[in-house]
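Chains as they are written, first to last, in this note's numbering: chain V, 1 to 317; chain A, 318 to 634.
No lab work stands behind these hints: they were computed from the structure. Where hints are given, some of them may not hold.
Said to hold, decoys possible - Cross-link-like lysine to aspartate or glutamate pairs, in silico, DMTMM-like; alpha carbons within 25 Å at most:
1) V/K172 - V/E186
2) A/K483 - A/D370
3) V/K16 - A/E538
4) A/K333 - V/E221
Remember, predicted model here, so these are calculated numbers, not experimental data.
Read off the chains here:
2 protein chains.
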Amino acid sequence: MNEFELIRRYFDRPAKNAVLGVGDDAAIVRPTPGHDLHVSVDMLVEGRHFFADVDPAALGHKTLAVNLSDMAAMGAAPRWVVLAVALPHSDEAWVARFADGFFALADRFDVGVIGGDTTRGPLTLSVTVFGEAPSGRALRRNAAQEGDDVWVSGTLGLGAMALREKLAGDLKLPADALAAGLARLERPEPRVALGQGLLGLAHAAVDVSDGWFADFGHILERSNKGAELWFDALPTHPWLAERRARYPELIAAGGDDYELAFTAPAANRAAIEALGLQLGVAVSRVGRVRSPEAGVSLIDSAGRPVALQRAGYDHFA
Amino acid sequence: MNEFELIRRYFDRPAKNAVLGVGDDAAIVRPTPGHDLHVSVDMLVEGRHFFADVDPAALGHKTLAVNLSDMAAMGAAPRWVVLAVALPHSDEAWVARFADGFFALADRFDVGVIGGDTTRGPLTLSVTVFGEAPSGRALRRNAAQEGDDVWVSGTLGLGAMALREKLAGDLKLPADALAAGLARLERPEPRVALGQGLLGLAHAAVDVSDGWFADFGHILERSNKGAELWFDALPTHPWLAERRARYPELIAAGGDDYELAFTAPAANRAAIEALGLQLGVAVSRVGRVRSPEAGVSLIDSAGRPVALQRAGYDHFA
Numbered sequence: 001m002n003e004f005e006l007i008r009r010y011f012d013r014p015a016k017n018a019v020l021g022v023g024d025d026a027a028i029v030r031p032t033p034g035h036d037l038h039v040s041v042d043m044l045v046e047g048r049h050f051f052a053d054v055d056p057a058a059l060g061h062k063t064l065a066v067n068l069s070d071m072a073a074m075g076a077a078p079r080w081v082v083l084a085v086a087l088p089h090s091d092e093a094w095v096a097r098f099a100d101g102f103f104a105l106a107d108r109f110d111v112g113v114i115g116g117d118t119t120r121g122p123l124t125l126s127v128t129v130f131g132e133a134p135s136g137r138a139l140r141r142n143a144a145q146e147g148d149d150v151w152v153s154g155t156l157g158l159g160a161m162a163l164r165e166k167l168a169g170d171l172k173l174p175a176d177a178l179a180a181g182l183a184r185l186e187r188p189e190p191r192v193a194l195g196q197g198l199l200g201l202a203h204a205a206v207d208v209s210d211g212w213f214a215d216f217g218h219i220l221e222r223s224n225k226g227a228e229l230w231f232d233a234l235p236t237h238p239w240l241a242e243r244r245a246r247y248p249e250l251i252a253a254g255g256d257d258y259e260l261a262f263t264a265p266a267a268n269r270a271a272i273e274a275l276g277l278q279l280g281v282a283v284s285r286v287g288r289v290r291s292p293e294a295g296v297s298l299i300d301s302a303g304r305p306v307a308l309q310r311a312g313y314d315h316f317a
Numbered sequence: 318m319n320e321f322e323l324i325r326r327y328f329d330r331p332a333k334n335a336v337l338g339v340g341d342d343a344a345i346v347r348p349t350p351g352h353d354l355h356v357s358v359d360m361l362v363e364g365r366h367f368f369a370d371v372d373p374a375a376l377g378h379k380t381l382a383v384n385l386s387d388m389a390a391m392g393a394a395p396r397w398v399v400l401a402v403a404l405p406h407s408d409e410a411w412v413a414r415f416a417d418g419f420f421a422l423a424d425r426f427d428v429g430v431i432g433g434d435t436t437r438g439p440l441t442l443s444v445t446v447f448g449e450a451p452s453g454r455a456l457r458r459n460a461a462q463e464g465d466d467v468w469v470s471g472t473l474g475l476g477a478m479a480l481r482e483k484l485a486g487d488l489k490l491p492a493d494a495l496a497a498g499l500a501r502l503e504r505p506e507p508r509v510a511l512g513q514g515l516l517g518l519a520h521a522a523v524d525v526s527d528g529w530f531a532d533f534g535h536i537l538e539r540s541n542k543g544a545e546l547w548f549d550a551l552p553t554h555p556w557l558a559e560r561r562a563r564y565p566e567l568i569a570a571g572g573d574d575y576e577l578a579f580t581a582p583a584a585n586r587a588a589i590e591a592l593g594l595q596l597g598v599a600v601s602r603v604g605r606v607r608s609p610e611a612g613v614s615l616i617d618s619a620g621r622p623v624a625l626q627r628a629g630y631d632h633f634a
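Chain V with its partners taken away, still in its complex shape (with noise of 0.2 Å):
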């Protein structure tokens, strides 16, 4: 099966929320009047941001998934994808479960596949995934004020303790915290639904997939503000809350996480729970922004300083 069928016969499907899809030189789709357009791109590479030997199906929901949180983040409605891969070989089965995975999760989420490139080369995915949301509403991260809270939704470092069982091997995980934590790395939930539902009650989001500390820090970064941070305030799994003081990168600093970071007024602190509750979403109080020159210190429960051997993940580490 060449390039243009294997194309055809796994993404060209009619495509959600379009006017034309997959099959032209473009795809065309109408833009919701009275709505912004966000627009993210994630590129992701074998040996790097997954295994040669990942399930397809699920590298396939992760590949949009980690696209969705992004949407999330901005709070954006994600409405189309487009989707590059790069393949060693026309391996068909594979690309069906790829397929699988991916339009599972993009059905889900009412997100419209509307546009590929296939080609081969070493395993490459890249995913460009575009929202709407009310125009001029979006949670930026630069939106940041002084006296607001801190939050982050779900749970953090479930990805990094899995991983760090996986690779380093001086972790021994229990059965359930391996299981939750192998699920959140291949099966991520991105947080669509409560970004949305933040709009208004939030003033700057952040998607967390690098690190908590690292990215909550572009937050503070780009709205020019300090921030008191709690560290046993974090949520994370059981077993890795009685360990906290001895892992705290997996927790604050570890990645694959997907969850929200974001900055709200205490006059929301009852919205946003309620809006948690309503979601079935975690929402937990982990701060304080202040000025920029109090700056930045990650704390215990007894006001002593965190440190972290890693603040975050770089690509050119």
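Got chain V; can you put chain A on it based on the hints?
Structure of chain A alone, referenced to chain V:
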């Protein structure tokens, strides 16, 4: 210099046409009311789409040019682009030159570079481009009509003849032909103004990138039409024109042309010629669309069929 610094230094420029550019979870743009959005993605891999020793500035140009060519084929005005790059190592000089070539072309067509992702991996480039055209007016592949003239812009086969000299070594091009061929290979000029000018004049259009015969075939297939195609009318370089019968594949199936192939009613013949003159782009009439029952034939000026060893480029062949 790490990933974030590399991106920031070379790609985090104030984005044109954007509410918010590089540096958040997503870029934000405001679509033009009354227009459809056209989206296309391409992935280029070292060793397949370009050589390892390519001038990075030329590669930056070409990476964007092939995508602008897709917008041209729709008759859309290119507006925004996002770029994902996997790099084998953090090579500042390479990135700087690549960005030079990429941004120079983006600036020339007033295209905003609104997002990017950089990671480590085998050299791979993925570009997603967004363009706009008045709603419902794009040039689609499926719109060819029986009796339409078949047109092609510019010249065909130049990139292919240079590539053949470089790879196979059985061609010895004179200096001017080699220079013209390398220019096409490395710095193709997308027919953006022509594509937009054809709105309302042409019925169907396609970008010629994988070989004219195969790419034009996509129009016939999607439109369910046949065609009589005139090999001797295909425009090419004078050196190749003199050897037309010996190298039919270079002209008709060579690839890397980045011209527009389109069909239009005979009534618009004079208007299309005037448009070509106005824009300084040659336009050649090279056939006629006919019924699907009549099939597709490629003939020379004596009416004899011209055989092609291969019809186009298959990325998995």
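So, going through the hints one by one against the coordinates:
no., hint, result
1, V/K172 - V/E186, "19 Å, holds"
2, A/K483 - A/D370, "13 Å, holds"
3, V/K16 - A/E538, "23 Å, holds"
4, A/K333 - V/E221, "23 Å, holds"
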